[in-house]
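Fit chain B to the known structure of chain A by using the hints.
Top to bottom, those sequences are chains A and B.
Everything in the first sequence is counted per this note's numbering, starting at 45 for the first residue and increasing by one.
Everything in the second sequence is counted per this note's numbering, starting at 63 for the first residue and increasing by one.
Hints are not guaranteed to be accurate.
Said to hold, decoys possible - The calculated lysine-lysine pairs, modelled on DSS-like cross-linking and capped at a C-alpha distance of 30 Å, are:
id	chain 1	residue 1	chain 2	residue 2
1	B	Lys119	B	Lys80
2	B	Lys93	A	Lys70
3	A	Lys114	B	Lys79
4	A	Lys70	A	Lys113
5	A	Lys70	B	Lys79
6	A	Lys100	A	Lys113
7	A	Lys70	A	Lys114
8	B	Lys79	B	Lys93
9	B	Lys93	A	Lys100
10	A	Lys114	B	Lys119
If you're looking for bench data, these hints aren't it; they were derived computationally from the structure.
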Amino acid sequence: SQQGEEDPQALSIQEGENATMNCSYKTSINNLQWYRQNSGRGLVHLILIRSNEREKHSGRLRVTLDTSKKSSSLLITASRAADTASYFCATDGVAGGTSYGKLTFGQGTILTVHP
Amino acid sequence: EADIYQTPRYLVIGTGKKITLECSQTMGHDKMYWYQQDPGMELHLIHYSYGVNSTEKGDLSSESTVSRIRTEHFPLTLESARPSHTSQYLCASSDQGSNGYTFGSGTRLTVV
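Isolated chain A (complex conformation) (with noise of 0.2 Å):
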């Protein structure tokens, strides 16, 4: 598999907390993007990240990726119920330069957060 491994698999925490999660992944790299998936619903796009970008904010969300250690993380600043859901990071691999256009998937990290 193009990608690693996303930890942790599961996270709960309080409303107002922060919650941090990690994606390791295998390949060169063109962009890195996270989503989030709502139970038994479709993904929806969060932030995209560019592999010449070292981190990125929006709203709430920050972003950083380290490209030396094919690593990224996704933290979401004081959390809310409504944002319990299934985070999934996915990268757009490149081979000898060019992208495959294609995103590849982590298995995702369950995040509930209580009230």
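Positioned in the frame of chain A, the structure of chain B alone reads:
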């Protein structure tokens, strides 16, 4: 409103039946994808298309087939459904920009 639509939402069908899962998008995206996802598991790419009359097999071998006759339409067909095909099938499209993929709500298929 630009969006991506999958029908049916749920399908329970007997072994040996032929089924077609529909996927349509109104965003004019050239790239479309089918992913298979078992409950609580990762997504596996089974088919993708870069435009009309272009289809490719994905990373996970699948007995399903796809067609892309129109930009907006990317149906997936199983000629003879089996219980091993029971899964959720997710359709997505992209514009190659910074907006990532747009996913449909999925079709949950159960073959009995």
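Hints, one by one, checked against the model:
1. The straight-line distance between the Cα atoms of Lys119(B) and Lys80(B) is roughly 20 Å, inside the 30 Å bound, and the hint therefore holds.
2. In summary, the hint linking Lys93(B) to Lys70(A) is supported, as the alpha carbons are separated by about 24 Å, within the 30 Å threshold.
3. At most 30 Å may separate the alpha-carbon atoms for a hinted pair to count; Lys114(A) and Lys79(B) exceed this at roughly 44 Å.
4. Of the supplied pair hints, the one linking Lys70(A) and Lys113(A) holds, its CA atoms being roughly 10 Å apart against a limit of 30 Å.
5. Taking the CA atoms of Lys70(A) and Lys79(B), the gap is near 39 Å; set against the 30 Å cutoff, the hint is violated.
6. Straight-line distance between C-alpha atoms of Lys100(A) and Lys113(A) comes to about 17 Å, which keeps the hinted pair within the 30 Å bound.
7. Among the hinted pairs, Lys70(A) with Lys114(A) is consistent with the structure: their alpha-carbon atoms are about 7 Å apart, no more than 30 Å.
8. For the given pair, Lys79(B) sits about 29 Å from Lys93(B) by alpha-carbon distance, which is consistent with the 30 Å threshold.
9. For the suggested pair Lys93(B) and Lys100(A), the alpha carbons sit about 26 Å apart, so the restraint of at most 30 Å is met.
10. Between Lys114(A) and Lys119(B) the CA atoms are separated by roughly 27 Å; this keeps the pair inside 30 Å, and the hint holds.
Going through the hint list in order, the structure does not satisfy hints 3 and 5.
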